[in-house]
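Using the sequences and the hints, build the whole thing.
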Amino acid sequence: MEKRVVFRSAWLPYALVAPQIAITVVFFFWPAIQAVWFSFQLQDAFGLKTQFVGLQNFTNLFRDGNYLASFRVTAVFSVLVAFSGLAISLLLATMADRVLRGALAYKTLLIWPYAVAPAIAGVLWAFLFAPSIGIVTYLLKGFGVEWNWIINDNQALTLVVIASVWKQISYNFLFFLAGLQSIPRSLIEAAAIDGAGPARRFWTIVFPLLSPTTFFLLVVNVVYAFFETFGVIDATTQGGPGQATQILVYKVYHDGVKAADLGSSSAQSVILMFIVIALTVVQFRFIERKVQY
Amino acid sequence: MVENRPGLTILSHAVLILGVLLIAFPLYVTFVASTHTLETVMQVPMPLVPGDQLVQNYAQVLGAGTTTGSKAAVGSMLVNSTVMALGIPLGKIAISIISAFAIVYFRFRFRLFFFWMIFITLMLPVEVRIIPTFKVIADLGMLNTYAGLTVPLIASATATFLFRQFFMTVPDELAEAARVDGAGPMRFFWDVLLPLSKTTMAALFVIQFIYGWNQYLWPLLITTDESMYTTVIGIKRMIVGGDAANEWNLIMATAILAMLPPAAVVVLMQRWFVKGLVETEK
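Chains as they are written, first to last, in the numbering used here: chain H, 1 to 293; chain W, 294 to 575.
What the hints contain is simulated information worked out from the structure, not anything from laboratory work.
None of these values were measured; they are calculated from a predicted model.
One or more hints might be untrue.
[To be verified] Keeping only pairs whose Cα atoms sit at most 25 angstroms apart, straight-line, the calculated DSS-like set for lysine-lysine is:
1) W:Lys364 <-> H:Lys258
2) W:Lys491 <-> W:Lys428
3) W:Lys491 <-> H:Lys3
4) W:Lys428 <-> H:Lys258
5) H:Lys107 <-> W:Lys568
[What the hints assert, rightly or not] Residues from chain W that face chain H, not an exhaustive set, calculated with beta carbons under 7 angstroms:
6) Phe394
7) Leu415
8) Glu469
Backbone N, C-alpha and C fix where the C-beta goes; we use that ideal spot for every residue, glycine too.
Written as structure tokens, this is what we have:
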């Protein structure tokens, strides 16, 4: 799609794109190129000497049990965050789409967690689940459950999943609600006249028609779980206990900033870049199809 | 609703109320904890009704911070957060709207090249270029500065796309009429496009305000000086050890202060917020 009317100027368009291009080059392209460059190098512990080592950083990574474990943690974590987040939000959105009374109030009360920073969501839930003083820990003890996410792997993972899902429900809810409201009423009415009950109508009409929204949200949630949950993890478990909650992004940060292993951290960055590119391509190919639909 | 099923309606309300309560529960406990003394919060179980220390706790964090963790005052952190939350959306809107204007309304060499350059930034989030970006900031002497906190985050493909998409829907006749009347491109931009873009700008501003306020990894990397901490980072720095070592009442008061501005924006500007959220993701 192009505009029929265009303005002519030898310099103006360049001046207009210049600020954005300058920032993009300095803060996006240059660091990304450096990340690729560093990933082929090995630095000694004091950062005095660097040596070109080719793909050694990458082969080391894929031989490193810790890195592979981090992949596994990321996979489990993103699946849990995406699926539980989508399921809860879809339930709430379906209900909110049904009710007439108080619809705006429900909506307002459900969307505010969008405004909470991931790190703060982490702090809130870490306080509720605090091993010695947390109120939820106390309640769980009443049911005979010993809760200590500082030392228990699965409980630590559960904590970061809960905090991450809690923050993301509002986002999913809004998109599901918009999706539900755009489904033509006539289809649902026709099915009702044919005798289909609410559950049948949901699974045979609403859910399939909602699939573009669901798929879009699935990609967004996976991206969220991969990258934006950094704050949740840094504010609560910091990857621990051991490496039970060390997702890939957290490992890049840990190895690069805390352990100062530039080569390995850069190689991990490059691998993450490929993952983001793959996810972006999936997202855009899908959106192209959604437009036709 | 296509049929009247009172049972299902009651169930819907029940599920929604349960959802609202579960979502609000952490917020409520946080607020309660921020109104008690440390000793009361440390009791097991802690009370679930607000206490009488609200004024003292909030005055303490705003003016002086915690005593065991970071001693930076939350008052100055709120100022830093505000600078980020305003600087990022304003900068983003300014540079995106002019680059989208150039890309839509001009034909020039490398137009598509620039467009793709901007597009590719979508694939390079801060998280994948942590160390090298930090080095660039350090080399430019931008650590612990407001410029360092905001400028690297204002380049955004989504904002440019949003304006581009909107400009495409502006009727060609407007630009034709402006040209016939002898208006140059910048005159057309100021007097026609900018006023038309108001709603898009408002929606984008709301979303980016929240984005800027809630930044975590970026300020964590480039602020080492307590006076430059944002509120979200400040909370992290107040947590120093195990459960008993933290002043939870003060941390929770800070958490409430950190949540209040963006939550107020979401609730009070709900229309813009929803519009911005849905459109930036399209």
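Here's how the hints hold up against the structure:
{"no.": "1", "hint": "W:Lys364 <-> H:Lys258", "verdict": "23 angstroms, holds"}
{"no.": "2", "hint": "W:Lys491 <-> W:Lys428", "verdict": "37 angstroms, violated"}
{"no.": "3", "hint": "W:Lys491 <-> H:Lys3", "verdict": "21 angstroms, holds"}
{"no.": "4", "hint": "W:Lys428 <-> H:Lys258", "verdict": "15 angstroms, holds"}
{"no.": "5", "hint": "H:Lys107 <-> W:Lys568", "verdict": "14 angstroms, holds"}
{"no.": "6", "hint": "Phe394", "verdict": "6 angstroms, holds"}
{"no.": "7", "hint": "Leu415", "verdict": "6 angstroms, holds"}
{"no.": "8", "hint": "Glu469", "verdict": "5 angstroms, holds"}
The structure fails to meet hint 2 from the earlier list, while all remaining hints are met.
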